[in-house]
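Trainee: Sequence:
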Amino acid sequence: MIRGLHELRTEEQVRAACGDDDLVMWVAQGLRGGARAWALGDAVVAGCPAVSRRDRLAVWGCV
34 MIRGLHELRT EEQVRAACGD DDLVMWVAQG LRGGARAWAL GDAVVAGCPA VSRRDRLAVW
94 GCV
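With our numbering applied, the sequence shown covers 34 to 96.
Don't read these hints as lab results, they were simulated from the structure.
Note that CB positions come from ideal geometry on N, CA and C, so glycine has one too.
Check before you lean on any hint, since a few could be wrong.
To be verified - Cβ pair distances, simulated, as ranges: (1) V96 / R69: 11 to 21 Å; (2) E44 / V92: 16 to 26 Å; (3) G37 / R86: 29 to 39 Å; (4) R65 / L38: 13 to 23 Å; (5) T43 / A83: 19 to 29 Å; (6) R65 / V92: 19 to 29 Å; (7) R36 / R86: 31 to 41 Å.
Start from the sequences and build out the full structure, keeping to the hints where you can.
Mentor: Laid out in structure tokens, this is it:
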């Protein structure tokens, strides 16, 4: 595990970390159905299987 990388466990944490970015919030899907999100510095990544029939990954910000 990368030092400082932490999992965002609630929809509110994702929203706060990414400034309510539309794409990240869409991919995060409320952290249901296998969706997960992480943050490191100002960067946020969210991933979810089968969003709009594809596995999706959204990246926001910079490390």
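Trainee: Between R36 and R86, does the beta-carbon spacing fit 31 to 41 Å?
Mentor: With a Cβ separation near 36 Å, R36 and R86 satisfy 31 to 41 Å, so the hint holds.
Trainee: Taking 16 to 26 Å as the stated bounds, is the beta-carbon spacing between E44 and V92 within them?
Mentor: Holds: the Cβ-Cβ distance is about 18 Å, inside 16 to 26 Å.
Trainee: State, for the Cβ atoms of R65 and V92, whether the hinted interval 19 to 29 Å holds or is violated.
Mentor: The hint (19 to 29 Å, Cβ to Cβ) holds, given that R65 and V92 are roughly 20 Å apart.
Trainee: Kindly confirm whether 13 to 23 Å is satisfied by the beta carbon distance between R65 and L38.
Mentor: holds, 22 Å
Trainee: Check the following: the C-beta atoms of G37 and R86 are separated by a distance inside 29 to 39 Å.
Mentor: holds, 34 Å
Trainee: For the range 19 to 29 Å, tell me whether the beta carbons of T43 and A83 fit it or not.
Mentor: holds, 21 Å
Trainee: Given a hint of 11 to 21 Å, does the C-beta separation of V96 and R69 actually sit inside it?
Mentor: The hint (11 to 21 Å, Cβ to Cβ) holds, given that V96 and R69 are roughly 18 Å apart.
When each numbered hint is compared with the structure, no violation occurs for any of them.
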